[in-house]
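*Asks:* Take a look at the letters that make up each chain.
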Amino acid sequence: MTIAMPQPDQGVLAARDGFLGELAAIVPPDNLVTDEAGLKTYECDGLSAYRELPLAVALPETTAEVARILDLCRRHRVKVVPRGSGTGLSGGALPLRDGLLLGLGKFNRILDIDYANRCVTVQPGVTNLAISQAVDHRGFYYAPDPSSQLACSIGGNVAENSGGVHCLKYGVTTNNLLGLEIVLMSGDIVRIGGKHMDSDGYDLLGIVTGSEGLLGVITEVTVRILPKPASVSTLLIGFDGLVPAGECVAGIIASGIIPAGLEMMDRAAVHATEEFCQAGYPLDVEALLICELDGPSPEVGELADRVEKIAGDLGARVIRRAASDEERERFWLGRKSAFPAVGRMSPDYYCIDGTIPRGRLAEVLTRMEDLSTRHGLGVVNVFHAGDGNLHPLIMYDIDKPGDLERAEALARDILTLCVEVGGVLSGEHGIGVEKRDLMGTMFSDADLKQQQRVKCAFDPDGLLNPGKVFPVLHRCAELGHMHVHRGQVPFPDLPRF
Amino acid sequence: MTGKTFRPADETELAGLVAWAASDGVPLEIIGSGSKRGLGHAIAADHVVDMSERAGIVDYEPAELVLTAEAGTTLSTIETHLGEANQQMAFDPPDYGPLLGHAAATATIGGTMAGNLSGPRRVSAGAARDHALGLEAVTGRGEVIRAGGRVMKNVTGYDVTRLLCGSWGTLAVITRLSIKVLPAPEKTRTLLVTGLTPSAGCRVMDEVLASPHCVSAAAWLPADMASKSDVGYVSSPGAAVTAVRIEGPPASVLARHDSLRSMLATHGPVEELHGHNSGVFWKEVRDVAAFVEPEAAVMRLSVPPASGAVACDRVTAAGGQAFLDWGGGLVWCAFKPSPGTATAVRDIATGLDGHATLIRADGELKAAVPVFHPQPAERRDLTRRIREGFDPCGILNPGRMGMVN
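First to last, the protein sequences are chains A and B. Position one of the first sequence corresponds to residue 1 (my numbering), numbered consecutively onward. Position one of the second sequence corresponds to residue 1 (my numbering), numbered consecutively onward.
Treat the hints as calculated values from the structure; they're not laboratory data. We put the beta carbon where it would ideally sit given N, CA and C, even for glycine. Worth double-checking, as some hints may not be accurate.
[As the list claims (entries may be wrong)] Calculated pairs, DSS-like style, for lysine-lysine (alpha carbon to alpha carbon, straight line, at most 27 Å):
#1 A:LYS228 <-> B:LYS187
#2 B:LYS283 <-> B:LYS336
#3 B:LYS4 <-> A:LYS309
#4 B:LYS187 <-> B:LYS336
#5 A:LYS169 <-> A:LYS336
#6 A:LYS169 <-> A:LYS309
#7 A:LYS169 <-> A:LYS228
#8 A:LYS40 <-> A:LYS400
#9 B:LYS228 <-> B:LYS283
#10 B:LYS228 <-> B:LYS336
#11 B:LYS283 <-> A:LYS169
#12 A:LYS169 <-> B:LYS187
[What the hints assert, rightly or not] Listing some non-contacts, in silico: residues in chain B with all C-beta distances to chain A over 10 Å:
#13 VAL48
#14 HIS81
#15 GLY232
#16 GLY319
Okay, chain A solo, but in the shape it has when bound (with noise of 0.2 Å):
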């Protein structure tokens, strides 16, 4: 682990038996773990080449328990790091070992389904696909779609702003939100939004999305639904060059169509997952496009006749239209297949997400592929070229000395590229600890000192996941301060008061 946490504070150490006396009064004993062997299942999440011991788990089941456990902690001054499904891959729910980890795995009630408003609330805890399940009957789902799915938890949705394969269209986790229940570190349980549509004041729903649990813990999630598109359609398009694959990406956007999903895979990914699941894709292709598109029927047909004649135009190798939902989803299961592919051809392997315009594609592959013969270490690519996502998987052996520190600073320069090129360090995964302190090539250190005065305003202790997201720690009252420097006056015809 090369990367540098908060010091413990000796004294919550210290005072770690008084401080369990204390939470055993607000959880029941079953909803406490506090000896080695259980705290190891919670110290890491998705990230998994850092870890760490927790002070202790809490499992509460209750907003009213996650009130009191966090006034319990402030009083205290035992940091909070909240926990969803722990599938993250930014090491946002890394725990602290003078922290207590807040898991909200009871959270997994939905508490209302409302088909008149189109919308549905649930507790944090409950899965994303379980919204979607939940209403399936009825036509409906819940859109945004991260590829963890089946595990991950909603509540963990809105502290990364997850996203997925049909973004492009219909948005991250932000654009459906409707509605949050959130606990500050002071205890005090605020409700923002609703089941309306805009909200009034200040956009709260906007700043906590995204805020990688630094800001509050959230105990209730109210999300829109939609009706389920009448058609799929699916394409897969091989081409012979990154360079045309990237156009093509480009022409169907241009030409006025909005694909629900429109995925690329390099030469490598390809070969690795159809060794892996035999989706039956082209080998002999330098870059393959899954395209998909839903909506009305006709509108589909048609708009897939103009992605295969721009395709076409574009001299792609292979054009596929799936036939049958079976074909469909074999054009799928190779993309879905990637991150387990690449675990059986690489000991480890380290995933990456950064965006980047789609226009640079080529050219940002191209200088990675210069950047991975450097550090000695393969990159597979995969990447939401719709949106401009890249996810490219360093291969690296955890037991080879040196090895993860050259995925590591692999990562660093891919990240750094996506920067230069205006592009931005995260996606969808988020910053958590993995880029934290990358931030700076990307940020002034007047925005992120602002980004951490909204975080004062939330936790002015600074208690709430620390060592995350920023890589310089201010206290409150120091950000708080404004240098004001009298006397130099840019406009020296104004009046003087």
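Go by the hints and put chain B onto chain A.
*Replies:* Just chain B now, with coordinates in the frame of chain A:
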């Protein structure tokens, strides 16, 4: 003392101005074109910062679906550029100029985002804030900040872009914005059902919005408002109108038109609007044309869509007039200005788990009734602390949102 109007030449000059104002505690009113200046409480400011000259398209790449513009760029300038590439701002930015007693077509992108204002397509394409990708701004500390980016998918740091949308210039002066743009539909059709009560209209809107026909907008107008429309098909029946819009490739629109037409025919007489008329009608809905006459006070209620009809009936019972947009989720109300009625209308929103904003009112009414919906204590405190982080001296549009400072 006479106030001055500052037109900062660039971000640095603006930052210097705001830093000076902060250091001397001089409140500033921030305006774009000023078309929405009357929206919000009176601002106790010494000087005006006019951003309307900070205008121009900085960058526009149609294939990236991203446009970057200076905050003072008018929506109409942006629309002209987008039109050349057959694209649009899908959130349907409204023009409240005439509603608020100003000229039409002067609203800026900065003002639109600062108010998070969205038109009828809100119900299908999302709000203004959903189309804001990133921005540059000068905080009340006189510091230049950047937030978000120029890409569709971004979870790098807090979403300060969205926080500034809807903050009405009380946190920072937005100087530049990157927005998501989308292809303009090739064809548009609107279906009208006449003679429905609010509750029947809401049931129809719910039915079509829950269907897979990709309805992009749904509104209900009472007979007296429908009769004021410039579109003959809307005004001539002399009856309430429920309108449903579909957009997309021609074959798709025609197929959905047929399906919807038979669905709607079970509820009442059906008429249809083609491209031009449809455009005129939805612009009337978007810009609240029915309430342009300046005598009445205007309030905007945001409620759960299924409660739209109840809200409408209650507003009527309280002596107001109302029409519905966003499939029932947006209730526009006009009433004879009086604190009692304004409070009664607001209470209707509260009672339905929604909120109300007093969009147009004279100074007297605004002195008696908060423009923005009063918030519970814990949310109000949070709001105040957020504002203090951005604008510790309280110099940006002080008082405009009322409860903030």
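*Asks:* For the pair we were handed, LYS228 (chain B) and LYS283 (chain B), check the Cα-Cα distance against 27 Å.
*Replies:* 13 Å, holds
*Asks:* If we take the beta carbon of HIS81 (chain B), is the closest beta carbon in chain A still more than 10 Å away?
*Replies:* Non-interface label stands for HIS81 (chain B): nearest chain A Cβ at 15 Å, farther than 10 Å.
*Asks:* Regarding the pair LYS283 (chain B) and LYS336 (chain B), is the alpha-carbon distance no greater than 27 Å?
*Replies:* 25 Å, holds
*Asks:* Is the straight-line distance between the alpha-carbon of LYS4 (chain B) and that of LYS309 (chain A) 27 Å or less?
*Replies:* 59 Å, violated
*Asks:* Hinted pair, alpha-carbon criterion (27 Å max): LYS169 (chain A), LYS187 (chain B). Please report holds or violated.
*Replies:* The hint holds at about 19 Å.
*Asks:* Would the pair LYS228 (chain A) and LYS187 (chain B) pass a check requiring their Cα atoms to be no farther apart than 27 Å?
*Replies:* 22 Å, holds
*Asks:* Straight-line Cα separation of LYS169 (chain A) and LYS309 (chain A) no greater than 27 Å?
*Replies:* Judged against 27 Å, a Cα distance of about 21 Å means the pair holds.
*Asks:* If you draw a straight line from the CA of LYS40 (chain A) to the CA of LYS400 (chain A), is it 27 Å or shorter?
*Replies:* 24 Å, holds
*Asks:* Measure nothing beyond the straight line between the CA atoms of LYS169 (chain A) and LYS228 (chain A); if it is 27 Å or shorter, mark the hint as holding.
*Replies:* 13 Å, holds
*Asks:* Is the straight-line distance between the alpha-carbon of LYS283 (chain B) and that of LYS169 (chain A) 27 Å or less?
*Replies:* Roughly 24 Å separates the two Cα atoms, so the pair holds.
*Asks:* Take a quick look at whether LYS187 (chain B) and LYS336 (chain B) sit within 27 Å of each other, Cα to Cα.
*Replies:* Since the Cα atoms of LYS187 (chain B) and LYS336 (chain B) sit roughly 40 Å apart, the hinted pair is violated (cutoff 27 Å).
*Asks:* Given the hint that LYS228 (chain B) pairs with LYS336 (chain B), does the C-alpha gap stay at or below 27 Å?
*Replies:* Judged against 27 Å, a Cα distance of about 19 Å means the pair holds.
Violated hints for the displayed structure, listed by number in ascending order: 3 and 4.
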